[in-house]
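So the sequence lines, in the order shown, correspond to chains H and L. With this note's numbering as the guide, the letters of the first sequence map in order to residues 1 to 279. With this note's numbering as the guide, the letters of the second sequence map in order to residues 280 to 531.
A couple of the hints might just be wrong.
[Said to hold, decoys possible] Computed footprint of chain L on chain H, listed as stretches where at least three residues anywhere in the stretch have a Cβ under 8 Å from a Cβ of chain L:
id	segment
1	148-155
2	166-180
3	210-217
[What the hints assert, rightly or not] For each label pair, taking beta carbons as the anchor points, the in silico distance ranges come out as:
id	chain 1	residue 1	chain 2	residue 2	range
4	L	Ile400	H	Leu125	48 to 56 Å
5	L	Asn436	H	Ile143	34 to 42 Å
6	H	Asp88	L	Leu387	46 to 54 Å
7	H	Leu125	L	Glu407	57 to 65 Å
8	H	Val140	L	Ala303	51 to 59 Å
9	L	Pro451	H	Arg266	31 to 39 Å
10	L	Leu409	H	Leu5	25 to 33 Å
11	H	Pro128	L	Leu387	31 to 39 Å
12	H	Leu220	L	Lys404	28 to 36 Å
Read the hints as simulated data drawn from the structure, not as lab findings. Backbone N, C-alpha and C define an ideal beta-carbon position, used for all residues, glycine too.
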Amino acid sequence: MLEVLQYQFMQNALLAGLLAAVACGIVGVYVVVKKVVFISGGIAHASFGGIGLGYLLGINPVLGAMFFTIVSSLGIGLVTRRTRLPEDTAVGILWAMGMALGIIFIGLAPGYAPDLFSYLFGNILTVPFFDLMLMLTLDVVIIALVALLYKEFLYLSFDEEFSTVSGVPTEGLYLLLLCLVALTVVVLIRVVGIILVIALLTIPAALARQFTHSLKKMMLLAILAGVVFTFSGLWVSYVLNLASGATIILVSGLVLFISFGINRLRHRTHEYNRTASTA
Amino acid sequence: MTAKELVKLENVWVYHDSIPVLEAINLSIKSNDFLGIIGPNGGGKTTLLKVILGLVKPSRGKVSVLGMPPERGRKYIGYISQFNLFDHDFPISVLDVVLMGRYNKSGLFQRYREEDRKAAIAALKTVEMLDYKDRQVGKLSGGEQQRVFIARALVTNPELLLLDEPTASIDPNMQAEFYELLDKLKENMAIVLVSHDLSAVSIYVNEIACLNHQLFYHGSKEVSAEELEKTYRCPIQLIAHGTVPHRVLREH
């Protein structure tokens, strides 16, 4: 089994999994505690427009997705903050319009788009070297921004109104947070694909939340969970010859459900013991 | 020492969707005030506080906080919102919540210094919550959470404390304790609290104003049944629980 690790594609896949876990562990925690899961799903799907744009312009589709996703997340952030349109309505519109643009762009692009499927559902085994370097760069940007603005993001997520009163530039930070989500989506596209991104943004953070009430520890735990999920998902997909992105998601979801189940049981025994001791 | 004017509202109007929420509000809050603002739900109480804090821009009229626009003056205000609205699973400790109040002394990219931590510890001592400083705030009881949010508002040494429905989510037996705490705090700062629960408010505050889109403000806490009727748009019976004679509201 271990000899497979000698292969370059497998080493790249593990590195991609690690880089993806770092981004989704950190930003996923904000997505979960600030409750911006739906808007993040919208940003992820809209990034398909950028993939299409990449094909049309003949550049790396992931780079196309990066610019397109940042612009669309700023757009959705401003629309929901500055207009009276309800947030979920705005997200629904952006979600579909981004994907529609992607399809039009790909239709206009000359030739055939052979690896389109891998952008939609990910293929961790075929991440090119350039994309690995891009993922590494984006991870560094994400870590630096969160380290610099840790308390600002914490306050924004916990109590936006009080933060505004205390002088935190909440609107700018909110837009920056959406940009971080956009960057994370770009990091994750190659690993699990546009359609499955939202699972890696939520599952590791939701799992970590059960074990700690410190945001920092939650991030570290979520990164660890992400590493375990991508590695074990990759392994299962290799052994059973399944699609890697989908396997990673299913392994993550399964672990989360088991963890929820164990937690429930623990609470029940705890309550049982408490009532037994007071009786 | 003469009382200085902290907040001044002149002919303030606020509209939501062309429906007026606040109409021609004139209000002056001085440094020794302990003002209770009562009125029905939807009468604009929270909006009034948000206007003072600069969170809601009035459509017309002028607001000043210590002679400044509210965006600049609000750093002298401690604000306690309807705190039960926050996510009770949020991963944040009591001490971190209180440190939020020090943000305007620190600022973007800055780390908290020793004096910020000392101020937070002192504020937690004032509200007798120091033992809980490492606990997750959402897991405390309603009354304990409220003390934490008061500590967060006190940590900047504000000149004015604004409280929005402070008793809404605490047990009735905790309310007396809460008002005792306010009684202690009012020596050092002006306090404005809004509530729809007029009986509790009336015992402790010095003055009462009634707000239902318009503000009826008399500079005393004796509110006539007639004025209350104007505020609530229906007949109201005044109930006073106080036993000390001067705390009982006037007979009607």
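Here is what the structure says about each hint:
1. 148-155: holds (count 6)
2. 166-180: holds (count 4)
3. 210-217: holds (count 4)
4. Ile400(L) - Leu125(H): 48 to 56 Å: At roughly 54 Å between Cβ atoms, Leu125(H) and Ile400(L) fall inside 48 to 56 Å, so the hint holds.
5. Asn436(L) - Ile143(H): 34 to 42 Å: 36 Å, holds
6. Asp88(H) - Leu387(L): 46 to 54 Å: 31 Å, violated
7. Leu125(H) - Glu407(L): 57 to 65 Å: Because 59 Å falls inside the window, the suggested range holds.
8. Val140(H) - Ala303(L): 51 to 59 Å: 56 Å, holds
9. Pro451(L) - Arg266(H): 31 to 39 Å: Given about 34 Å between the Cβ atoms, the range holds.
10. Leu409(L) - Leu5(H): 25 to 33 Å: 53 Å, violated
11. Pro128(H) - Leu387(L): 31 to 39 Å: 38 Å, holds
12. Leu220(H) - Lys404(L): 28 to 36 Å: 32 Å, holds
Checked against the numbered hints listed earlier, the structure breaks hints 6, 10; every other hint is satisfied.
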